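Engineer: Counting in my numbering, the sequence shown runs from 1 upward without gaps.
Since the hints were derived computationally from the structure, they do not count as laboratory data. Here the structure is a predicted model, which means the values were calculated and not measured. Don't take each hint at face value.
[What the hints assert, rightly or not] The calculated label-pair distances, taken between Cβ atoms and stated as ranges, are: (1) Ile51 / Pro16: 32 to 40 Å; (2) Thr52 / Asp185: 14 to 22 Å; (3) Glu158 / Pro16: 30 to 38 Å; (4) Glu101 / Gly34: 18 to 26 Å; (5) Arg134 / Glu49: 20 to 28 Å; (6) Arg134 / Arg180: 26 to 34 Å; (7) Asp54 / Asp187: 32 to 40 Å; (8) Arg176 / Gly74: 30 to 38 Å; (9) Asp185 / Arg134: 33 to 41 Å; (10) Thr20 / His120: 26 to 34 Å; (11) Asp152 / Ile51: 18 to 26 Å; (12) Asp72 / Phe127: 38 to 46 Å; (13) Gly17 / Gly178: 16 to 24 Å; (14) Ala114 / Asp54: 36 to 44 Å.
Ideal Cβ positions, reconstructed from N, Cα and C, are used throughout, including at glycine.
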Amino acid sequence: MTDVVLPCRDEAAALPGLLTRMPAGYRPIVVDNGSTDGSAAVARAHGAEVITVDRPGYGAAVHAGVLAADPDDGVVCVLDADGSFDPAQLPLLADPVRAGEARLATGRRRPVAAGVWPLHARAANAFLARRLRRTTGLDVHDIGPIRAVRRDDLLGLELRDRRFGYPLELLIAAGRAGWRVVEVDVDYLPRAAGTRSKVTGTVRGTLRAVRDMSAVLAR
């Protein structure tokens, strides 16, 4: 059973569709990070394990979920809980890690329709990915929120960021550790109706994420 960590804040509208599409052999762990819309109850009603994290921040939620994952399986996936990714594609990332072909697999977002990925968010992502390539030599083009990695490997990196800089810190640390990192094309879907992105949904949210990630790059 492969655990899937889903950091979640106010995603009640997206969770039913997302959790019912989880592939066989993948167990969802919804990490409720301050939701006020009943996300935790919705997740439990659809069979997910739910843990609560009081400390705000994307990295705090992901780290708590990874700690809660079963250490026996080894591989853990991370997936946004907003419905913007198809969980049926998780094996595309988990399989190379499980086979030893990569230490880390990350998703490269491919929008399925116009307007799915706002221009300001896409430009910020391209800027950060370009800096990452120069810094680490990793051939990656997306600081995306979908990935697969062995749990013990991830915890061994001792990542410190608990905000939006977490995904970038992971890639930097993986590059410095000499990991083989593969980037896999994944569909980027419209968010579920009734949800709103904390990052790409507004220019302010995107700038906040860029600030957090730029601080990581400056270390």
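Engineer: Please test the hint of 30 to 38 Å on the beta carbon pair from Glu158 and Pro16.
Structural biologist: Given range 30 to 38 Å: holds, Cβ gap about 36 Å.
Engineer: Within 14 to 22 Å: is that where the Cβ-Cβ distance between Thr52 and Asp185 falls?
Structural biologist: Since Thr52 and Asp185 have Cβ atoms about 34 Å apart, the given range 14 to 22 Å is violated.
Engineer: Within 18 to 26 Å: is that where the Cβ-Cβ distance between Asp152 and Ile51 falls?
Structural biologist: holds, 19 Å
Engineer: Is 30 to 38 Å right for how far apart the beta carbons of Arg176 and Gly74 are?
Structural biologist: violated, 22 Å
Engineer: Please check whether Glu101 and Gly34 have a Cβ separation lying inside 18 to 26 Å.
Structural biologist: violated, 37 Å
Engineer: For the hint 32 to 40 Å, verify it against the beta carbon of Asp54 and that of Asp187.
Structural biologist: holds, 33 Å
Engineer: Quick check on a hinted range of 36 to 44 Å for Ala114 and Asp54, using CB atoms only.
Structural biologist: Holds - the Cβ-Cβ distance for Ala114 and Asp54, about 39 Å, lies within 36 to 44 Å.
Engineer: Range first: 38 to 46 Å. Now tell me if the beta carbons of Asp72 and Phe127 are that far apart.
Structural biologist: Holds, at about 40 Å.
Engineer: Do Gly17 and Gly178 keep their Cβ atoms within the hinted range of 16 to 24 Å?
Structural biologist: Given about 39 Å between the Cβ atoms, the range is violated.
Engineer: Given the hint of 26 to 34 Å, is the C-beta distance from Arg134 to Arg180 inside that range or not?
Structural biologist: violated, 19 Å
Engineer: Lying within 32 to 40 Å: is that true of the beta-carbon distance Ile51 to Pro16?
Structural biologist: violated, 19 Å
Engineer: Can you tell me whether the CB distance of Asp185 to Arg134 sits inside 33 to 41 Å?
Structural biologist: violated, 23 Å
When held up to the earlier numbered hints, the structure conflicts with 1, 2, 4, 5, 6, 8, 9 and 13 and fits the remainder.
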